[in-house]
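Let the sequences and hints guide you as you build the complete structure.
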Amino acid sequence: MERIADKCVVLLACLALVVLAGSVDAVRVVALLVALGASACFELARGRRPAVAEAACCVACALAALVPGAWVALPLTCYDLPRVRSRWALAVAPCCVGWAWAAGVPATTAGVLLALVACSMALSWRCGRAVGLGRQLHALQDDLQDKVIDLREKNRELEDARVYESHAAALAERTRIAREIHDSVGHQLTRLVLEVEALKVVHRDEPSAVEELGELSDGLGEALTSMRTSVHALEDSTLDVGVELNRLAGQSGITHVDVDCGLEGAPPAEVSRCLVAVTREALTNAARHAHAAHATVHVTGFPGIWQLRVENDGDVPADVTGLEGRGMGLRGMRERVEGLGGTLLVKSDGRRFSVFASIPRKGQA
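For the sequence shown, the positions run 1 to 365 when my numbering is used.
Think of the hints as simulated: they come from the structure by calculation, not from any bench.
Quick reminder that beta carbons are idealized off the backbone N, C-alpha and C, glycines included.
Keep in mind that the hints are not guaranteed to be accurate.
Now the in silico label distances, taken between C-beta atoms and shown as ranges [unchecked claim]:
{"#": "1", "residue 1": "His138", "residue 2": "Leu158", "range": "56 to 62 Å"}
{"#": "2", "residue 1": "Ser184", "residue 2": "Gly304", "range": "41 to 47 Å"}
{"#": "3", "residue 1": "Gly98", "residue 2": "Ala130", "range": "28 to 34 Å"}
Shown next as structure tokens:
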């Protein structure tokens with residue numbers, strides 16, 4: 001749009017030259033029409049065939065200078081010269097004005113013509129600079145938008161990491177509390193139960209004392225059972241499969257471990273413990289025996305089953321027959337999985353070793 005506005009202004013300047021020349025003849029009208037056509041061709045061909053466009057611009061300038069009376073179109077034909085890639089193109093304008101002056105154009109008119117040509121080329125240069133700056137601005141806006149999107153994504157990842165770390169810290173604290181209760185209160189209650197039982201032996205000849213000590217022992221036993229139940233419940237609630245799998249990945253000793261935990265809800269505690277234990281053993285084997293550099297852990301929950309797949313790229317035999325008897329923990333993994341009614345498959349193609357566990361959902365299998 002800027003080019004069109006500039007060319008309209010230059011065309012008005014050409015019409016002013018026609019008025020200044022004092023007569024309107026067919027040559028001047030045709031010259032203006034040819035200049036308009038050449039300018040349109042330049043715009044159309046510049047993107048696809050720039051050499052053709054530049055040649056058309058220079059030819060139009062030469063014709064306007066050499067054809068008698070056609071010099072009135074020079075401001076319009078010279079408008080596109082600053083856009084020509086050749087350095088000598090800018091010298092075409094003064095040469096054309098000089099040819100027109102040599103052909104008989106009055107000196108005053110030639111001066112006005114030279115000024116209009118210079119203004120036309122200055123408009124072209126200014127418009128080109130504005131268009132270039134506009135493109136740079138759009139590029140900067142696009143780049144800024146991309147960076148804003150990346151920043152939002154990074155913020156989301158940081159927020160997810162913060163939530164994950166907070167959750168992991170909360171689970172770790174609950175686990176610590178459960179262990180402290182088990183180690184301190186549990187041991188104290190156990191010691192008291194043993195002391196009461198010892199007192200029952202000491203006072204076995206005193207039926208009333210033995211009866212009271214028996215009631216005390218029963219109360220302590222109930223308290224110990226209740227405490228153990230609460231501790232187990234607390235420990236079960238602190239077991240988050242995703243958190244544990246990521247922790248195992250970081251402690252496995254394998255350079256790259258990708259964890260994909262696609263569980264929508266938390267599995268039962270025994271299933272979670274089984275998934276974590278199988279993953280721990282599989283990653284340990286991958287690092288210790290296979291010397292793997294990359295491993296993947298994928299957990300998925302389906303309507304009827306939970307699935308776990310652990311793969312690594314370590315040095316493993318193509319034939320997995322007999323591996324369970326080599327002390328690699330596969331037997332323990334199989335016993336854990338089969339104890340919950342599931343199945344364990346171990347496969348190898350010589351390049352990747354995989355452990356696949358499938359555990360049915362109780363009442364849904």
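A quick look at each hint next to the structure:
Checked against the hint of 56 to 62 Å, the pair His138 and Leu158 fails, with Cβ atoms roughly 30 Å apart. Our hint of 41 to 47 Å for Ser184 and Gly304 holds, since their Cβ atoms are close to 43 Å apart. For the pair Gly98 and Ala130, the supplied restraint of 28 to 34 Å holds, since their beta-carbon distance comes to about 30 Å.
Hint violations for this structure: number 1 only, all remaining hints satisfied.
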